[in-house]
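Guided by the hints, dock chain B onto chain A, whose structure is given.
Sequence lines, in order, name chains A and B. Counted the way the numbering used here counts, the first sequence spans residues 33 to 410. Counted the way the numbering used here counts, the second sequence spans residues 128 to 863.
Keep in mind that the hints were calculated from the coordinates and are not lab data. Be aware that a few hints might be false.
[Said to hold, decoys possible] Using C-beta positions, here's what the derived DEER-type ranges look like: (1) A:P157 with B:A201: 23 to 29 Å; (2) B:S136 with A:D272: 58 to 64 Å; (3) A:P61 with B:V221: 19 to 25 Å; (4) A:R152 with B:A215: 47 to 53 Å; (5) A:V319 with B:N204: 58 to 64 Å; (6) A:R289 with B:S134: 26 to 32 Å.
[Said to hold, decoys possible] Selected chain A positions facing chain B (Cβ under 10 Å, derived; list incomplete): (7) R146; (8) L170; (9) D249; (10) V393.
[Said to hold, decoys possible] Just some of the chain B residues that point at chain A, by a computed CB distance under 10 Å: (11) I131; (12) D135; (13) L137; (14) E138; (15) K143; (16) K146; (17) T148; (18) A150; (19) L151; (20) V155; (21) A165; (22) A173; (23) E187; (24) L190; (25) E195; (26) N197.
As the structure is a prediction and not an experimental result, all values here were calculated from the model. Cβ coordinates follow ideal geometry from the N, Cα and C atoms, glycine included.
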Amino acid sequence: MKGALCIAQIAATDPTPVDAILSQLGPGPFELVCLFVSPDADFTTLTQAASGRFGDADVMACTTAGELGRDGYEDGQIIAVAFPSSLFAVRSYVVDGLDSFDEQQLIDRLIQSRLELSRRAPDMPAEFAFLMVDGLSLREEHLTTVLASGLGPMPLFGGSSGDGTDFHATYLSHNGRVRQNAALIAMVRSRCPVRVFSLDHLVPTETRMVVTSADPDARIVHEINAEPAAAEYARLLGKDPNQLDPFTFAAHPVVVRLGDTHHVRAIQRVNEDGHLVFFSAINEGMVLTLAKHNDIAEHLREGLAGLAQSGRPRQILGCDCILRRIEAGQSQKTREISAILRDNNLVGFSTYGEQIGALHVNQTLTGVAIYPPEDEAL
Amino acid sequence: MSLINPSDSLERQNEKLIKITEALMRRVEYGTAQSGAAYAQFERAALLERRVRERTLELERTLDLLHESNAQLALANQETEAARRNLADAIETVSEGFALFDGDDDLVMCNSRFCRDFRDTTRDLRPGLAFEGYVERISRSRYLALPEGVTPEAWAEQRIRRHKDRRVMFNVQLAHDRWLQVSEHRTANGGTVVLQTDVTDIIRLERQERTRLKDKQARMIRATLDHLNQGVAIFDENARLVGWNAKIGTLLSIPARRLHIGASFQSLLDQLGDDFDFTRGIDRAGFGHWARSEGPRDPISFEVRHGGIQTLQIFGRGMPDRGFVISCTDVTAEREAAAKLYEMNEILEQRVMERTLELEDALSAAERANASKSRFVAAASHDLLQPLSAAKLFISSLSDRLVDDSDAAVLAKAESALTSAEQLIDALLDISKLESDALRFDVRPVALAEILGPLRDEMGMLAAAKGLSLRIVESTLTVETDPAYLRRIVQNLMANAIRYTTRGRVVVGVRRNGGSARIEVWDTGPGIAEADQGTIFEEFKRLDTRASSNDGLGLGLAIVERACARLGHPLGLWSEPGRGSCFMVNVPVAHAETPATPPRARSARPKGLAQAGMIVLLVENDAQLRRAISILVESWGVNVIEAEDAETALQLLADLEIAPDAMLLDHQLGRGMTGVELYEVITGMLGPLPCAVISADRSPHLRQLCKGVGLDLLQKPLDRHKLIQFLDMVAAADPG
Numbered sequence: 033m034k035g036a037l038c039i040a041q042i043a044a045t046d047p048t049p050v051d052a053i054l055s056q057l058g059p060g061p062f063e064l065v066c067l068f069v070s071p072d073a074d075f076t077t078l079t080q081a082a083s084g085r086f087g088d089a090d091v092m093a094c095t096t097a098g099e100l101g102r103d104g105y106e107d108g109q110i111i112a113v114a115f116p117s118s119l120f121a122v123r124s125y126v127v128d129g130l131d132s133f134d135e136q137q138l139i140d141r142l143i144q145s146r147l148e149l150s151r152r153a154p155d156m157p158a159e160f161a162f163l164m165v166d167g168l169s170l171r172e173e174h175l176t177t178v179l180a181s182g183l184g185p186m187p188l189f190g191g192s193s194g195d196g197t198d199f200h201a202t203y204l205s206h207n208g209r210v211r212q213n214a215a216l217i218a219m220v221r222s223r224c225p226v227r228v229f230s231l232d233h234l235v236p237t238e239t240r241m242v243v244t245s246a247d248p249d250a251r252i253v254h255e256i257n258a259e260p261a262a263a264e265y266a267r268l269l270g271k272d273p274n275q276l277d278p279f280t281f282a283a284h285p286v287v288v289r290l291g292d293t294h295h296v297r298a299i300q301r302v303n304e305d306g307h308l309v310f311f312s313a314i315n316e317g318m319v320l321t322l323a324k325h326n327d328i329a330e331h332l333r334e335g336l337a338g339l340a341q342s343g344r345p346r347q348i349l350g351c352d353c354i355l356r357r358i359e360a361g362q363s364q365k366t367r368e369i370s371a372i373l374r375d376n377n378l379v380g381f382s383t384y385g386e387q388i389g390a391l392h393v394n395q396t397l398t399g400v401a402i403y404p405p406e407d408e409a410l
Numbered sequence: 128m129s130l131i132n133p134s135d136s137l138e139r140q141n142e143k144l145i146k147i148t149e150a151l152m153r154r155v156e157y158g159t160a161q162s163g164a165a166y167a168q169f170e171r172a173a174l175l176e177r178r179v180r181e182r183t184l185e186l187e188r189t190l191d192l193l194h195e196s197n198a199q200l201a202l203a204n205q206e207t208e209a210a211r212r213n214l215a216d217a218i219e220t221v222s223e224g225f226a227l228f229d230g231d232d233d234l235v236m237c238n239s240r241f242c243r244d245f246r247d248t249t250r251d252l253r254p255g256l257a258f259e260g261y262v263e264r265i266s267r268s269r270y271l272a273l274p275e276g277v278t279p280e281a282w283a284e285q286r287i288r289r290h291k292d293r294r295v296m297f298n299v300q301l302a303h304d305r306w307l308q309v310s311e312h313r314t315a316n317g318g319t320v321v322l323q324t325d326v327t328d329i330i331r332l333e334r335q336e337r338t339r340l341k342d343k344q345a346r347m348i349r350a351t352l353d354h355l356n357q358g359v360a361i362f363d364e365n366a367r368l369v370g371w372n373a374k375i376g377t378l379l380s381i382p383a384r385r386l387h388i389g390a391s392f393q394s395l396l397d398q399l400g401d402d403f404d405f406t407r408g409i410d411r412a413g414f415g416h417w418a419r420s421e422g423p424r425d426p427i428s429f430e431v432r433h434g435g436i437q438t439l440q441i442f443g444r445g446m447p448d449r450g451f452v453i454s455c456t457d458v459t460a461e462r463e464a465a466a467k468l469y470e471m472n473e474i475l476e477q478r479v480m481e482r483t484l485e486l487e488d489a490l491s492a493a494e495r496a497n498a499s500k501s502r503f504v505a506a507a508s509h510d511l512l513q514p515l516s517a518a519k520l521f522i523s524s525l526s527d528r529l530v531d532d533s534d535a536a537v538l539a540k541a542e543s544a545l546t547s548a549e550q551l552i553d554a555l556l557d558i559s560k561l562e563s564d565a566l567r568f569d570v571r572p573v574a575l576a577e578i579l580g581p582l583r584d585e586m587g588m589l590a591a592a593k594g595l596s597l598r599i600v601e602s603t604l605t606v607e608t609d610p611a612y613l614r615r616i617v618q619n620l621m622a623n624a625i626r627y628t629t630r631g632r633v634v635v636g637v638r639r640n641g642g643s644a645r646i647e648v649w650d651t652g653p654g655i656a657e658a659d660q661g662t663i664f665e666e667f668k669r670l671d672t673r674a675s676s677n678d679g680l681g682l683g684l685a686i687v688e689r690a691c692a693r694l695g696h697p698l699g700l701w702s703e704p705g706r707g708s709c710f711m712v713n714v715p716v717a718h719a720e721t722p723a724t725p726p727r728a729r730s731a732r733p734k735g736l737a738q739a740g741m742i743v744l745l746v747e748n749d750a751q752l753r754r755a756i757s758i759l760v761e762s763w764g765v766n767v768i769e770a771e772d773a774e775t776a777l778q779l780l781a782d783l784e785i786a787p788d789a790m791l792l793d794h795q796l797g798r799g800m801t802g803v804e805l806y807e808v809i810t811g812m813l814g815p816l817p818c819a820v821i822s823a824d825r826s827p828h829l830r831q832l833c834k835g836v837g838l839d840l841l842q843k844p845l846d847r848h849k850l851i852q853f854l855d856m857v858a859a860a861d862p863g
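Isolated chain A (complex conformation) (with noise of 0.2 Å):
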């Protein structure tokens, strides 16, 4: 089936990734390639080469904890997702220095920008912001509720940048610069209807717990109900405090309850303080909700086939976490969860975090359904 986007899958050795990459995404003209990249591959090198190669499409790139390809979940791969100038028009747009830009000039910069593209492109009536963050940056929140402000109705989405399992660093690249501590946005009106989605499949049990001592900048939490979190964590779980890994984070998630919603906060390792980093803002005071999950595969195939109601999108772009990933392994689903991935013509990575308009989550799949023209035979 043709897509609205145009692929392309590639591994992250390959000695001339942008001929293999430009060969099969095709002439185009495209407003915007994206690159996601396996930490495997020389992010630099490629990203540098990429520059200009694809006429005057921006190419923004970051690196991930896998990758959403043509088999689903994979490793060591460059995936290259472009959007022909035939169906989208696409401001893209560099957001450096997290934690000192200036939060008002940016705002009155999208706000510009998406006017100046919804005059550009007046045949387009769909819109989604596309975010891609560092995500080892500690500052998705702010950022967002920034974005949020400048975007206004259009609807963001998002992940964070990964680093494989290593949680060392993480890199951007617009245009062939290289980034970090950085966001890349990209603004894209299309003439296909989209969907911006989040799912996931998690449910609040009665077990909560009081974070007593943290330091919410650095999103380390030092005492849950007085006791060492680690441990806290440990003996509400029932576990050994020294056996605590990410597949235990992946199967036993915490989420704050906030109204009659919960969100994910997502455990990204124990210190060596025995203090539990978190993937996302936490606080002194707040109430964490041990979770427990529904069947991964079911909830993402009964999920997917929810955006597929009123027919099926032509493709999906998606940002997924690195502890569905996880979970999935643990569970032994990961074959299962790539055959869904792969019937439903959905790329993307695997993150350190998403973003859903204003906020920044964690395990949860998200990103937009992308479907066929309505002035276009199906």
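Just chain B now, with coordinates in the frame of chain A:
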């Protein structure tokens, strides 16, 4: 799993709970205050996301609208600016000075030509300048040529007053004989447009034209004067010559050198030699006086004769400037022609007079001839009837004396023969009258009962004598006809019917037939074959040859036919041999139901007069008049015995041995007795009798005389009305 590890000591549990509580309380108290904190941002975003999104959407729309409005505003501004520029360009192309003041009388804009001639004001002409300010500056400009004696303030005041008028247009004089036409036009929103047009050229042209016109007029007057066939001289209020033409010098023989501007009227009048005679209207002194008179002059007209051969008509008329004009026309030819015409007229009049006299003679001869014919007819019939009447009177007086029946029968036949002769003569008279052009009908509304009633009696006897039944159906209709002739028509038809019917009956009826009344006379006689129906109306036609010659000579239907034709009454006939006949006369019904009483005395012949059977003695020595009177009186059904003079009258009375019912006596009877004397003799013999004296003598003496013996006096020429009046009176007094 519980919040607290149950394996802890109670102290430890308590300690932990206190710490948990403190963390929660801090969170509650400060959580949102730490606004910069990442978690707080997350929390806020999660809670407010939807609302923020909606709000943002609204702001977005507002922004769009604002953008749109801004764009429109910019467009509108552009358009306004463009319009303003266009207007400025447009008024700049106007060749006049143009200024627009708004409703508050403040200057909005003006073009460069506006007030260009007032160079010292142009720097003040800025948008916002008040109209008063503009006028004030113009009034003080040294380029404005103020009318004499007008101050700038007064000029400005007058200009402002003008501005209040709805339409303004006037000329302004500038220095150096330049002129501006200034006009104001009101705009729809109460503003004012002031236009200044340089009209210097027009005004100068006009001035030249006026001068040129004056010259032209003078030339035209000159040419007109020279062209006139009259001599004309024009004098001013001082009676000095100011204009003339050559003709007046010629006509009045005034030398050309005398005719010059300023020559006095009197000197010119004196110049006229003695060979000028003032013949009609006014004399020389009067003419001089008229010319010298002060104040308005009445026009004068008179004639002079020059050298006994030329006649001039002079006409003078004052002019409004108290000068005057004299015109002089040679009317010699006209006067001569008029004189000849007058002579000719006299000759013609004389001829007309002669001719008129000739015609009058011819007319009187014709009248005499006509009168003598009328007299002959009347006299012939009267002369024939007179002896017949006498004979009948003799016979009737004789019948009383006869005892022998066979003699009586002979006498009756003689009487019958006489009656037939009398009727024949009457009929001939009637026919001759009906064929005469001089016949005049007396047509008027007549009640049919008036006609049919009397006939019932007359004809009833006739019918009874023949053993026939006669029925006359009453009618109330009134018709338009001459009653005497209608009566004769019906009478003849009835007589005819009775005559030719041997048994059965005769019926007379009237049918209304639209606008006419049809009088029908039915009989049960022998009838008339269709072939004969055309001939029965000819004179002396009788179909039934067996009828006695005494029954008439067949003139009855001839009279009927002619009378109906002349009256315009259609005559109809239905007949079937062996069954009978019906004659029908159609008479128009009178339109209005007019009274049966005739409107005029002329037609008044009271019913009784014809039936009274009166005998009147007429004594008149003029034979013509005697005939006339007796015919007239007889026509009313009155018997007349007449005599030429008193002696003959007495003789006649003695012969007839009758006493007349009345007497008509001429007073002057030639030799012998007068009428009054005769009256006294007759009354002496026969007792008192009604009598009227006829006389041309209008002297009071005769009137006194008649009055003295109780006689009526009828003046000659005889008035028939008075005669009828007299006879009526007699008939009424003596019905026997």
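Hints, one by one, checked against the model:
In this structure the hint that P157 (chain A) and A201 (chain B) lie 23 to 29 Å apart at CB holds, the actual value being about 27 Å. Our hint of 58 to 64 Å for S136 (chain B) and D272 (chain A) is violated, since their Cβ atoms are close to 22 Å apart. Hint check: P61 (chain A) to V221 (chain B), Cβ distance near 59 Å, so the stated range 19 to 25 Å is violated. Between R152 (chain A) and A215 (chain B) the CB atoms are about 39 Å apart, so this pair departs from the stated range of 47 to 53 Å.
One distance hint, 58 to 64 Å for the beta-carbon pair V319 (chain A) and N204 (chain B), holds here, with the actual separation near 60 Å. At roughly 28 Å, the beta-carbon separation of R289 (chain A) and S134 (chain B) lies within the given 26 to 32 Å, and the hint holds. Given the 10 Å rule on beta carbons, the hint for R146 (chain A) holds: about 9 Å separates it from the nearest Cβ of chain B. Residue-level restraint check for L170 (chain A) holds (minimum Cβ-Cβ distance to chain B is 7 Å; threshold 10 Å).
For D249 (chain A), the interface hint holds, since its Cβ comes within 10 Å of a Cβ in chain B; the closest pair sits about 7 Å apart. The interface hint given for V393 (chain A) holds, since its Cβ lies 9 Å from the closest Cβ of chain B, which is under the 10 Å cut-off. About 7 Å separates the beta-carbon of I131 (chain B) from the nearest beta-carbon of chain A, less than 10 Å, and the hint is met. The interface hint given for D135 (chain B) is met, as the beta carbon of that residue sits about 9 Å from the closest beta carbon of chain A, less than 10 Å.
Hint on L137 (chain B) is violated. Least Cβ distance to chain A is approximately 14 Å, over the 10 Å limit. The closest approach between the C-beta of E138 (chain B) and any C-beta of chain A is roughly 13 Å, which is over the 10 Å cut-off, so the hint fails. With a least beta-carbon distance of about 4 Å to chain A, the hint placing K143 (chain B) at the interface is held under the 10 Å criterion. With a cut of 10 Å, the hint placing K146 (chain B) at the interface with chain A holds, because the nearest CB-to-CB distance is about 4 Å.
Given the 10 Å rule on beta carbons, the hint for T148 (chain B) holds: about 9 Å separates it from the nearest Cβ of chain A. Interface hint status for A150 (chain B): upheld, as the beta-carbon distance to the closest one in chain A is roughly 4 Å, under 10 Å. Look at L151 (chain B): its Cβ gets to within about 5 Å of chain A, closer than 10 Å, so that hint holds up. Taking 10 Å as the C-beta cut-off, the interface hint given for V155 (chain B) holds, the closest approach to chain A being about 7 Å.
Against a cut-off of 10 Å between C-beta atoms, the interface hint on A165 (chain B) holds, since the closest Cβ of chain A lies about 4 Å away. Restraint check, A173 (chain B) versus chain A: the minimum CB separation of about 5 Å is within 10 Å; hint holds. Against a cut-off of 10 Å between C-beta atoms, the interface hint on E187 (chain B) holds, since the closest Cβ of chain A lies about 5 Å away. Restraint check, L190 (chain B) versus chain A: the minimum CB separation of about 8 Å is within 10 Å; hint holds.
Evaluation of the E195 (chain B) hint against chain A yields a violated restraint, the C-beta minimum of about 12 Å exceeding 10 Å. Evaluation of the N197 (chain B) hint against chain A yields a violated restraint, the C-beta minimum of about 13 Å exceeding 10 Å.
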